[in-house]
Each structure stands twice: as structure tokens, then as C-alpha cells.
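Peer 1: Residue-level listing of the chains:
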Amino acid sequence: MWLAALAGTVVYLDTSVIGQTLLGQPIIACVLYGLLVDRPEVGLFFGVIFELMWLANLQIGAAKFAEGNLGALIATATAASIAPSEVTGEPSWFVLLLSTAVGLIFAHLGRELAPLVRRSMNGVAESYMNAAARNDDAAARGWTLAAIGIHTVAGFGFTLVGVLCGQLVMRLYFGEFYALGPSTSTVEATDVLCSSMWPALLGVGAAAAMLQLVTRRDWIWVIALGALGGVLLS
Amino acid sequence: MSDERVPKRTILLRSLALQVFLNYKTMQGSGYLFALRPALREPEHHDEKSRAAGSFINGHPAFSSAALGALVTRLRRVETANDVQEIANWKRELSTPLGAIGDSLIWERFKPAVLTLVVAAVLLVKEDVAPVWRYSALTALVMYNCVLWLFRGWAFGQGLRLGERLTELAMHPALPRVKRALRLGGMFAASLVMAAAIGKSGTQGLPGHAQFAAGFLIMFGAAHLRSSTLTAALLAILASMGLGYLFHFNLSVLP
Numbered sequence: 001m002w003l004a005a006l007a008g009t010v011v012y013l014d015t016s017v018i019g020q021t022l023l024g025q026p027i028i029a030c031v032l033y034g035l036l037v038d039r040p041e042v043g044l045f046f047g048v049i050f051e052l053m054w055l056a057n058l059q060i061g062a063a064k065f066a067e068g069n070l071g072a073l074i075a076t077a078t079a080a081s082i083a084p085s086e087v088t089g090e091p092s093w094f095v096l097l098l099s100t101a102v103g104l105i106f107a108h109l110g111r112e113l114a115p116l117v118r119r120s121m122n123g124v125a126e127s128y129m130n131a132a133a134r135n136d137d138a139a140a141r142g143w144t145l146a147a148i149g150i151h152t153v154a155g156f157g158f159t160l161v162g163v164l165c166g167q168l169v170m171r172l173y174f175g176e177f178y179a180l181g182p183s184t185s186t187v188e189a190t191d192v193l194c195s196s197m198w199p200a201l202l203g204v205g206a207a208a209a210m211l212q213l214v215t216r217r218d219w220i221w222v223i224a225l226g227a228l229g230g231v232l233l234s
Numbered sequence: 235m236s237d238e239r240v241p242k243r244t245i246l247l248r249s250l251a252l253q254v255f256l257n258y259k260t261m262q263g264s265g266y267l268f269a270l271r272p273a274l275r276e277p278e279h280h281d282e283k284s285r286a287a288g289s290f291i292n293g294h295p296a297f298s299s300a301a302l303g304a305l306v307t308r309l310r311r312v313e314t315a316n317d318v319q320e321i322a323n324w325k326r327e328l329s330t331p332l333g334a335i336g337d338s339l340i341w342e343r344f345k346p347a348v349l350t351l352v353v354a355a356v357l358l359v360k361e362d363v364a365p366v367w368r369y370s371a372l373t374a375l376v377m378y379n380c381v382l383w384l385f386r387g388w389a390f391g392q393g394l395r396l397g398e399r400l401t402e403l404a405m406h407p408a409l410p411r412v413k414r415a416l417r418l419g420g421m422f423a424a425s426l427v428m429a430a431a432i433g434k435s436g437t438q439g440l441p442g443h444a445q446f447a448a449g450f451l452i453m454f455g456a457a458h459l460r461s462s463t464l465t466a467a468l469l470a471i472l473a474s475m476g477l478g479y480l481f482h483f484n485l486s487v488l489p
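Note that the protein sequences, when read in sequence, are chains A and B. Using our numbering, the first residue of the first sequence is number 1, and each one after it goes up by one. Using our numbering, the first residue of the second sequence is number 235, and each one after it goes up by one.
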């Protein structure tokens, strides 16, 4: 949980505060987190799904944006805290479904995070400017650290709350020993139906990629090429 | 300050934290001041220069390097409150092109295309995804950051040279070529990820294709109706489970 919160802080800082190097993107961050907790397959699943779904989630100007990257990490951390299914040796689809829902909801709730941080930054930025105008290096450094501190608390706190809620959902459903994974009967009863979310979410992601990357007049070419390639690959 | 004495690398490194002070009053203004502080060491008119550097501005972080270069040039002549106001007005006018061009090229095309290619590479592999992910993710990280870093350096130099004529950069002859290349790159990435996703869905046979199509159409509908990704994803999950139920429990009992 603490590791997830720390990873969430890095993701939050990289997404919108410092560097913006792609390190915080789901396809990178979730897999790295998965490798850290020895569940790379979980990281890869959420990395692919959340990366594609939030491609069109642009952080432009003062507009609100969903914290898709944090949502992806919360989903990964939630699912990775549950042992793989004993039946298949892989994550239970029901666990992946619940974790996806938690990640999606927190990504959406994250729309309010940036405005909150930016409002609290109004005073900090002004104090920094005053300190810099006075050429007071110590005060300027202090206000810079305060600004980074606010971002760190925001990323850490949001991820921690997300992962806690995710684990609460798992606990409510699977009981006290939720981390041991769902029972064989649950897996057998739910896997068939829940696994259908994978192609559907791939469809959502493929559409998001097309909407973001392709202008309307070129849609027909991309759909034709994609479908042809898909049939050949199937 | 002569051009030789401009601490370009330090300013560019500090500009990576341009959004640390992002706020609703001056947006990236204080971030600009943070990046430019190494160039504001002279005591003459320090207060005026700092306030001019920290006034309102907002643009794409990478494209801001051009504005930072131009500001270094312009701040040399700041002495009075009138100069501060003049620079503040100029920065405000600069925000629109700086944001529009930067966002349309990098946020809307380059970054998503690079990430889509990584996802497509991962989806195209049938077995042993780990090495493919490792190489594609590393390549994406190195390429994306190197391209942007080189661009920042070039744009800073252009800004330094052009000063208040910075908007002339929007008429650069390479811009249409870059747009065309990104358009084609985007089409390639989207086609590839669609093919890879259809291929992956196909492993579940006809139900997989039907569920893929349902998710695809729901996302299209959601974008058309300006619904959130959350709504689209949850609806897609529900639809896919409905289809899964139909295929698995109903169609399997058909003769």
C-alpha cells in the first residue's frame, strides 16, 4: 500500500508537475510497479487498457483532466494485492473487473485534484514571486519546496485513498482473507463472463486512439487498414 | 547580459519544473520566473525584471523554451513599471499561439502516437511479452525525451535571437512538414493498434470480435455525445458482459 502510494507520487509528479517524461504513463508505470511487486502481468493488463482509454485525456490550459495515470496505478495496486487464481494461475477476471472499476472511478474523481492543487498554489506562487523579487534565495527555495510538497502530498494522498478503497472493496466481497484470492467456485462462476471485458475495453481503447490520432477524413482508411490487419492477425 | 553569458542549460533544466507553481492567477508565470532566475542575477532593476518574468503566461512546456529565450532577450531592457506591464501584455498575447501549436503537435499527436506504438508492440506479441515491452518502452522513453530536449534547445536559441518577434516562429517553413509527418505517424499508430487489438480479441472467436465492436462503437458514441471515458468504459463492460452472456449461455444450447 505504501509502495503504491510512493509510486503514485512519482506518477503524479511526472504526469503534470516535473519533467513529463512518459515515466508516469500507464504502459510504463503500471508495468514497472507490477515488476516491483512481482506481478508484471497485472501491470501489463492495466497498462494497455488505461493507456489507450485515456489517450484523448489532454492536460490543456486550465481545463480539468481525469487522472487516468493515477487511476491505472490504483487499479494495478488493487489487483496486485490479490493472489492469482489457483485454478488458472493467473489473475481472476473478477478481481480485474473490480479493480478496473475502482481505477476508472478514481481516475474520474481525479478531475477535482488538479483544480484543488492549483487553487492552493495561488498563494505559494505569489509568495515565491515576492521572495524572488527581493532576491531572497532562502525564502525562494523554501517556497519551491513548499510547492513540491503540496504536489507530493496530493499524489501520495490520492493514491493511498484509492488503494485503500480498492482493498476495502475486495475485503467486502471476498472477506477477511481477500488477499489469498477468490475461491475456486467464484473463479469458475465468474471468469467466463468477466473475461469478456478484455475485448470490449480493447475496442474502447482502439476507438480512443483513432479519435485522438486521426482526423475525421482519414477515419475510413484507418478502420479499413486496422480491420484488414486484425483479420490477418486473428 | 551577452548571449555567451546566458546559462542556457541551467534554464532549460529548470524549465522541466515549469508547472511546479501552476496556479489560476499567473498559470505558469512563477514557473517561468523559477526557470529564469539564473539569468536574473544582476542587482539593477531586479524587482522589475522578476515581476516581468513571473507575470501571467501559459503554453505547452516544451514550446515554452522559445518564450524563455525571448524573455531573456526582452528582460535586458526592463527598467520601469511600464516595461513590466508591456512584457506582461506581450506574454499574455503569446500564450495562445504557444499553447495552440505546442498542444496540437505534442499533446495531441506526438505523445499519444509514441505511446500507442508501445501498446501496439505489446499487443502484437503472442508469447513472451517482457522483452518486447522492455525494448519498446525504453525506445519510446529515450526517443520522446531526446526529441523534446533537442527541440527545447533549438527553440530557446530561436527565442533568444527573435526576442519580441517570437511569433514569427509560427511561420517557420518546417512546421507544415512536421504536421504532415505527425498526421501520417498518427494514422500508422492508430491502424497498428487497431489491428493488434482486433487480433487479440479474435483469440476469443466471434464473441471476442462482437465485444470489440461493441466497445469501439460505445466509445465513438460517447465521444460524439461528449460523455466521459468513465461512462464509455463502464457501458462497454456492461455491453460486453451482456454479449458474453448471450454467446455463452444462450447460443451454446442452440442445436
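Since the hints were derived computationally from the structure, they do not count as laboratory data. Bear in mind that the values here come from a model prediction, so they are computed numbers and not experimental data. Think of the CB as a built atom: it goes at the ideal place given N, C-alpha and C, for glycine as much as any other residue. Be careful, since some hints might not be right.
Okay, the calculated beta carbon distance ranges per label pair [claimed, not checked]:
no.	chain 1	residue 1	chain 2	residue 2	range
1	B	319	A	220	17 to 25 angstroms
2	A	220	B	462	24 to 32 angstroms
3	B	379	A	228	29 to 37 angstroms
Far from chain B by the CB rule (all over 12 angstroms, computed), these chain A residues [to be verified]:
no.	residue
4	13
5	122
6	129
7	156
8	171
9	172
10	177
Peer 1: Determine for every hint whether it applies to the structure shown.
Peer 2: Each hint tested on the structure:
| no. | hint | result |
| --- | --- | --- |
| 1 | B:319 x A:220: 17 to 25 angstroms | violated (52 angstroms) |
| 2 | A:220 x B:462: 24 to 32 angstroms | holds (27 angstroms) |
| 3 | B:379 x A:228: 29 to 37 angstroms | holds (34 angstroms) |
| 4 | 13 | violated (9 angstroms) |
| 5 | 122 | violated (5 angstroms) |
| 6 | 129 | violated (4 angstroms) |
| 7 | 156 | holds (16 angstroms) |
| 8 | 171 | holds (22 angstroms) |
| 9 | 172 | holds (19 angstroms) |
| 10 | 177 | holds (27 angstroms) |
Violated hints for the displayed structure, listed by number in ascending order: 1, 4, 5, 6.
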